[in-house]
Every structure is written in C-alpha cells, then in structure tokens.
Amino acid sequence: MASSSAALCFLSPNPIKVSLSFPKSFSCSSKPTFPATASFYSAIPRLSYSNFKKLNALHCSNLPTASTNNTQYEFCDGSSEVELRLELGQGDVTPKEIYVDANESSLAIRVEQSGIIRTLMETSTLYEKIKPAETIWYIDDDQLVISLKKQNSELKWPDIVESWESLSAGITQLLRGTSIYLVGESTEINQRIARELAVGLGYTPLSTMELLEVYAKQPIDSWVNEEGSDAVAEAESVILESLSSHARAVIATLGGKRGAAGRANQWRHLFAGFTVWLSLSEATDEESAKEEAKRNMQDSGRGYPNAEVVVKLGGWDPNYSKSVAQAVLSALKCLILADKDLPGKKSLYIRLGCRGDWPDIKPPGWDPSSSPDVSSPSS
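Sequence positions in the sequence shown follow UniProt numbering and run 1 to 379.
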C-alpha cells in the first residue's frame, strides 16, 4: 500500500570545469560529480522537485542559487510579510537607479550608477513563495528596504533564501516532531544522510543496523550467512516497531534485500514517520529521472515505492552528504506544505497502533485482518 503522494528530488549532472578549488558561493547547478581525471568539477547539486499524486506531476521547484555579492543585509519575518534591508554602499543612490525584480520564488536587486550595473542580491529561490505584485520598497538613509508579501502567512522564514541553515532551522515547525526514516539500497548512504539530518535538526540519529548488531552480537553479513536475509528483515521489523513511537529521530534502515524496507509487506511501522527513498539513478537529466521515478513507483513488488520522498542520486561520495541532506529537507518542506495535515495524521496513525492503514486511517477498533487491502507485516 503506497502513500497518497511522494516528492521527487533529482540531482542531475552538469559538470562545470574550474580550477583546483570549488567555488565559495553556493550555486546549485549540478549533481555531485567526481573527477575521473586530474580535472576538477563543481560538486554542487542542482535539485528539482515534483510532487506526485497518483503519478500525476504537480511541479514544485525549490533550491537556492543565491549570491549577495558581499552585500550586507538584514532580514526579519513580520508574520504576513518579510522585510529585507540591504546596504547601498557609498554614494547617493536615487530610486531611478534601483531595479527590483521579484517573482514567486526569485528576487534580483540591482543598482545602476554611471552606466555600471551592480548586483546587490540575486537568488533563484526564496525560502518560500511570495506575492510579487505586492512587493514594495523604499530607501531609508543608506539602506534599501524591501517588503515581500508571503503566500503562506503561517510559515516562519528563518532567512530570505533556502539554504542548509534556513532549512534545518525552519523545517522543524513543519515536522512537528515527526521522525524521518531513510530507506534505499545502500545502508551506508542511509546512515550518512541520517547523521547529517540529525545534526541539522537536533534529532536523535538511529541506525537499525547498529541496533541489530548489538542485539545479535555479530555483524549483519555474518547473520545473513548463517540464517538468511529473511531472518534479518524480520528482526529489523521488530526494531522498527519499537522505534515507531519515537519522536524527533532520524532512522537509517538496512539497504537492499536484507532490509525490511525493501519488502512491501513490512512497512506497517515505517509509515509512523516521513519516509525518504535514497536511490542511485542512471538518469542524466530531470525528465529522465521523473520517468524513472514513475516506473519505480509502479513496482508494487518492492517496498520502496511506499516512500513519500524520493531522492535520485546520479552519484555518491560521502563528502557530499550535506548536499543530499539539504535536498531531503527541501523535498520534505515541499511535501508538507502541499498537505499541512500530514504530521497530524502521522501522530494519529501512531496513537491508533500503526495498524497498516496509512494513508486512509480507519476508525478506532478497526481490525487489519478484516481488510483484504492491507498486508500486515509478519513481525
């Protein structure tokens, strides 16, 4: 039983050759790519998101390519609007010399003096969407003051742009304590990203592999060799049941055939949190990744299509864990803003005993064995 919607994030390849160091400014233009020769390439990901509802795409793009050009700015959130103050620098600047270009998710601010155009700020992704027609600005002494009207007045903005810092600070108001489960073919990737997310969110990092090895007093590989992957998956299901009532945790699950998450009938307790499928992809562009994701989501024989967020990785290196973690947070933000009741439904699902009826939660007293539409895990 798959969840009602999923968000897709694809890190697409578009290497840019540079010198021996990576750019200091955070410009999300390509997936993490790694030098195969002595040449160096930019390793900063380009991230695109789509919400899928019954495999019909509802586009939701979000990730920053912000450059303030060392301009000093102040930011404050005033509930229904956000205010940005930028230093204009030396020299008198008149309103005729200022250009403010605001769109739903982007902002460009430039000053033209003596035939020279100076960019004060340019970002292709604000923290969230605004109402561009209601943007107002004025000059206050040596500062340019810009007021941006939010589309979602209830959402608190930690900063003007979406970044790792603003996402990790701001998404907790949306998660409302709901835990995050990382699933996918690679246990290593799940563990790395879980640690990054836990540090950023102030959550508890947990690994089912580590918990199982403590319980069995042997490595997972040895356990699989002795008793088979089915026995390990069953044991992980028991671990997931005990973790399902935990709040504010990021849980890395076992990857591949040995894990419970790869089995469609063992997701009952995974639905207690937001599930993120970290998937290595052979796609080379966003459209191909979307088609690949649609095919993956239709594979009812596997458990991973139950995930609510799909992050497609064109490559992997642990040095880029934070970039992947940022992609996860941005996709989760997009998913929850599309349905603000999701965290509350997760809480209700847990209180009713994680019976396997996600996302169509049945009334109290409902018996899972009476419904042919729900496959209960054997654990």
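These are computed hints drawn from the structure, not numbers from a lab.
Treat the hints loosely; a few may be bogus.
As the list claims (entries may be wrong) - Derived Cβ-Cβ restraints for the label pairs, each shown as a range:
{"hint": "1", "residue 1": "A108", "residue 2": "N152", "range": "31 to 37 Å"}
{"hint": "2", "residue 1": "Q298", "residue 2": "D221", "range": "19 to 25 Å"}
{"hint": "3", "residue 1": "L280", "residue 2": "S147", "range": "39 to 45 Å"}
{"hint": "4", "residue 1": "Y138", "residue 2": "R302", "range": "55 to 61 Å"}
{"hint": "5", "residue 1": "S370", "residue 2": "K149", "range": "33 to 39 Å"}
{"hint": "6", "residue 1": "Q151", "residue 2": "E112", "range": "42 to 48 Å"}
{"hint": "7", "residue 1": "R176", "residue 2": "Q151", "range": "44 to 50 Å"}
To be verified - The calculated lysine-lysine pairs, modelled on DSS-like cross-linking and capped at a C-alpha distance of 25 Å, are:
{"hint": "8", "residue 1": "K362", "residue 2": "K340"}
{"hint": "9", "residue 1": "K322", "residue 2": "K156"}
{"hint": "10", "residue 1": "K149", "residue 2": "K131"}
{"hint": "11", "residue 1": "K149", "residue 2": "K340"}
{"hint": "12", "residue 1": "K149", "residue 2": "K345"}
{"hint": "13", "residue 1": "K131", "residue 2": "K340"}
{"hint": "14", "residue 1": "K257", "residue 2": "K129"}
{"hint": "15", "residue 1": "K217", "residue 2": "K257"}
{"hint": "16", "residue 1": "K290", "residue 2": "K322"}
{"hint": "17", "residue 1": "K129", "residue 2": "K362"}
{"hint": "18", "residue 1": "K156", "residue 2": "K340"}
{"hint": "19", "residue 1": "K322", "residue 2": "K345"}
{"hint": "20", "residue 1": "K156", "residue 2": "K131"}
{"hint": "21", "residue 1": "K96", "residue 2": "K156"}
For each residue, glycine too, the CB sits at the ideal point set by N, CA and C.
Quick rundown of the hints versus the structure:
{"no.": "1", "hint": "A108 / N152: 31 to 37 Å", "result": "22 Å, violated"}
{"no.": "2", "hint": "Q298 / D221: 19 to 25 Å", "result": "32 Å, violated"}
{"no.": "3", "hint": "L280 / S147: 39 to 45 Å", "result": "44 Å, holds"}
{"no.": "4", "hint": "Y138 / R302: 55 to 61 Å", "result": "56 Å, holds"}
{"no.": "5", "hint": "S370 / K149: 33 to 39 Å", "result": "50 Å, violated"}
{"no.": "6", "hint": "Q151 / E112: 42 to 48 Å", "result": "30 Å, violated"}
{"no.": "7", "hint": "R176 / Q151: 44 to 50 Å", "result": "21 Å, violated"}
{"no.": "8", "hint": "K362 / K340", "result": "20 Å, holds"}
{"no.": "9", "hint": "K322 / K156", "result": "23 Å, holds"}
{"no.": "10", "hint": "K149 / K131", "result": "5 Å, holds"}
{"no.": "11", "hint": "K149 / K340", "result": "20 Å, holds"}
{"no.": "12", "hint": "K149 / K345", "result": "30 Å, violated"}
{"no.": "13", "hint": "K131 / K340", "result": "20 Å, holds"}
{"no.": "14", "hint": "K257 / K129", "result": "41 Å, violated"}
{"no.": "15", "hint": "K217 / K257", "result": "21 Å, holds"}
{"no.": "16", "hint": "K290 / K322", "result": "23 Å, holds"}
{"no.": "17", "hint": "K129 / K362", "result": "35 Å, violated"}
{"no.": "18", "hint": "K156 / K340", "result": "14 Å, holds"}
{"no.": "19", "hint": "K322 / K345", "result": "29 Å, violated"}
{"no.": "20", "hint": "K156 / K131", "result": "16 Å, holds"}
{"no.": "21", "hint": "K96 / K156", "result": "32 Å, violated"}
Figure legend: structure checked against the earlier numbered hints; hints not met, in rising order: 1, 2, 5, 6, 7, 12, 14, 17, 19 and 21.
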